[in-house]
Structures are given as C-alpha cells and as structure tokens.
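S.K.: Here's the letter readout for the chains.
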Amino acid sequence: MSDRQEYALRLADDALILSHRLAEWSSNAPDLEEDIALTNIGLDLLGQARELLTYAGELEGAGRDEDDLAYLRTEHEFTCCHLVEQPNGDFGATMARQLYFSTYQLALYEQLTLSTDDRFAAIAAKAVKEVLYHRDHATGWVIRLGDGTALSHDRMQRGLDQMWRFCGELFEPDEVTGRLAAGIGVDPERLLPAWNSHIDAVLSEATMSRPSGTWRPGTGRRGVHSEHLGYLLAEMQYLHRLHPGASW
Amino acid sequence: MSEDVSRAGFTAEGGHGAVPVADDSAPDTAAGEVGRAAATSDTSGEADWPLFEVFVRARRGLSHNHVGSLHAADEAMALRNARDVYTRRQEGTSIWVVRSSALTASSPDEKEPFFDPAADKIYRHPTFYDVPSGVQM
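These protein sequence lines map, in sequence, to chains A and B. For what it's worth, the working numbering labels the leading residue of the first sequence as 927, then goes sequentially. For what it's worth, the working numbering labels the leading residue of the second sequence as 11, then goes sequentially.
Quick caveat, the hints were computed from the structure, so don't treat them as lab data. Any given hint could be a false lead.
Below 20 Å or equal to it, Euclidean Cα-Cα: the simulated SDA-like pairs (lysine to any residue) are [to be verified]:
| # | chain 1 | residue 1 | chain 2 | residue 2 |
| --- | --- | --- | --- | --- |
| 1 | A | K1055 | B | Q100 |
| 2 | A | K1052 | A | L972 |
| 3 | A | K1055 | B | V95 |
| 4 | A | K1055 | A | L972 |
| 5 | A | K1052 | B | T97 |
| 6 | A | K1052 | A | T1042 |
| 7 | A | K1052 | B | E122 |
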C-alpha cells in the first residue's frame, strides 16, 4: 500500500467511524433540534469519508470503490484512531469526544489545504468550513454544560476525563506521516500547539479542569483497535454484506 | 412558579447557565436532576425550553420570512438550532430568531373590527390612474 493511499484511508476511517457513532444518536438525542444537529455533523463526516475512500480506491488502482472499502474491510484493516470508535456514553461524553476530535481535525485540514496533492487540498478546503461548525457546536455545549448546574458540571468533567486518554494518539507521528510531512501530508506533532490553545481556552471558560490522566499510546493506525470497533462494524457492514450492492 | 413560564426552570449559576433544572413544584426530584441537557435519557419535558420563532432570508434582496419555531435554552442556541433545522438544505443566507413570548399578535376575536373595514374602501388602492406604458408592475 502506498503512503498516500494509507494516509487517505486514515483520514477517511476517522471520519467514517465517527460519522457512524453520531448516527447512533439519531432519535436518541436530548431534544429534536440536537438530534438533527448531531446527524448533520455525522453526514458532513460521511461526505468527507466518501471522497477520501474514493480517492484511496483510485490510488490503489485495484478497482475497489468507496463501498468496498467501507463495507468489506475487516476490523484490522481499519486505521481509525481509538477516540472516534469510543462508545457515545452520555451526551457530555459525546460532546467531549467531538470537541477533542473536531479541534484536531480542524487544525489538520487547515494544514492539508496547503498539500501539494491537489485532491487532498481540495477535500480539505471543502471540509474546513464544515469542521469549523462542528468545533463551535461542541465548544458551545462544553461551555454550557460545564458552566451550568452542579450536575451538568460534574457530568461534563466526567466526559472530558473519560475521552482524554485517547487524544495522544492523534498527535503521534510514524513512518507514514514522516515520509509525507514534506508536502503531501501533515506532521501531526505540529498540530498540538493549536489544539492545546483552543482546548485550554474552552476548558477555562467552561470552568472545567484539564484532565490530568496521561495519554495512552495509540495503535489504531496499525489496525489494532479497542473491542468497540468490531461491534460497530458488525452493525455498519451487516446490510451490505448480506445484500451486496443493496440500494434504495 | 413565576408568571414568566419561558424563563422558569432555568438557572444561570455560572454565567453560561441557561441549563434547565427541576421545576420546584415537581415532587420527588432533586434540583438539577431532570434537566434535558444534563440527563440524556429524560424526554419528559418537565422543564421545557422556551419557544423561539425563526425567520429566514432566502437570498439577498428578499425579506426574512417566518419558517417555523423551535425550542432552545437561549438566543445563541436558538440560532444554532435554527441553522441545523431550517437551513441545512441551503434555504437561507440569514436567520433571525425571537422569543415567541416577545411577539404581540392580533387576536382572532378582533378580526372584524381589525380587518373588515378595509374591505369596502377601494379608493385606498392605487387603481384610479393610468399606468404609463413601459412601467413594470
């Protein structure tokens, strides 16, 4: 697999898996308006995943399309980070995960618009506007719940603590990002200052304390996942595997 | 409970408050435990958020039109919700939200004195002169 294809798959898998997690809120959100907001965000991410999977398939040149890559790869062939595969938990945990991820993704895509690879640059340029909204949406909720009642304060802090240990993986460089950092991809370590700056500002305004737990080394990029991903894929891929090519 | 139902049931303890809390009159619930924002599974609407009316301008040059209403804890959230609910298919370029309680509406009981007297006064319509040819109506 080429570096470029591997990179496209990583970006795609993060978006695809988080999209599915957000879709799980459909009909279960705290209110109707939030139900629509969460599925909107999920659909934005699904759109990004489709373009990136299509590109990954083209780079591979073996005739696999977006559906083949989304529905017919096994768990160990997915390269998403552990953060996006975490179960939704309560609404506070979902917003914590969204704040952490969207802040990372925004910094990443802003850099990726400068990529020497035209496709990456174009996909990123389109997605930046979407992700800016995702980040603002999560930011608003973390502040509102954190600086709300005693109960919402505690539960928001719990959500932030719960998702914290999966954030380190987002900024871990490896051979692939090392070889692509010269112009095609983005060196993840360089995104950390911008991420810290936004997260610290939000936590401070939300009267939340910065979680103290240490970051756990990530293995998602190598295809080694938490147990949660298998269940997620079973649900996501079931229909396509049972009725290949089904459409409506 | 306060007369102003739209404001009741919310607290602003920390400056960003506007998180719904328990209705004081509700039995067997500790304060803060039935808020929608804080309890994901609670949909009983014990402490409903106030209603907002949403106006969307479809494109430049047109005026804002009423498109519907929604619930939100405050104006900022109402604007966000309106964006998600009413403009996700590119329906608009500008959104106004206003608390429904801030609107004063004419009453159906007053329909006759309000509107009927206008019906037989055709001289209030600008129809008694000839429009020069070439003027676009």
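S.K.: Indicate, hint by hint, whether the structure satisfies it.
M.R.: Here is what the structure says about each hint:
Under the criterion of a C-alpha separation no larger than 20 Å, the hint pairing K1055 of chain A with Q100 of chain B is consistent with the structure, at around 14 Å. For the proposed pair K1052 of chain A and L972 of chain A, the alpha carbon gap of about 13 Å is at most 20 Å, so the pair holds. Only pairs whose Cα atoms come within 20 Å are accepted, and K1055 of chain A paired with V95 of chain B is accepted, the gap being roughly 18 Å. At roughly 15 Å between alpha-carbon atoms, K1055 of chain A and L972 of chain A fall within 20 Å of each other, so this suggested pair holds.
Simply put, K1052 of chain A and T97 of chain B have alpha-carbon atoms about 18 Å apart, close enough for the 20 Å limit, and the pair holds. For the hint linking K1052 of chain A to T1042 of chain A, the alpha-carbon distance of about 16 Å falls within 20 Å, and the restraint holds. Restraint check: the Cα-Cα separation between K1052 of chain A and E122 of chain B comes to about 55 Å, which exceeds 20 Å; the hinted pair is violated.
Violation of the numbered hints given earlier is confined to hint 7; every other hint is satisfied by the structure.
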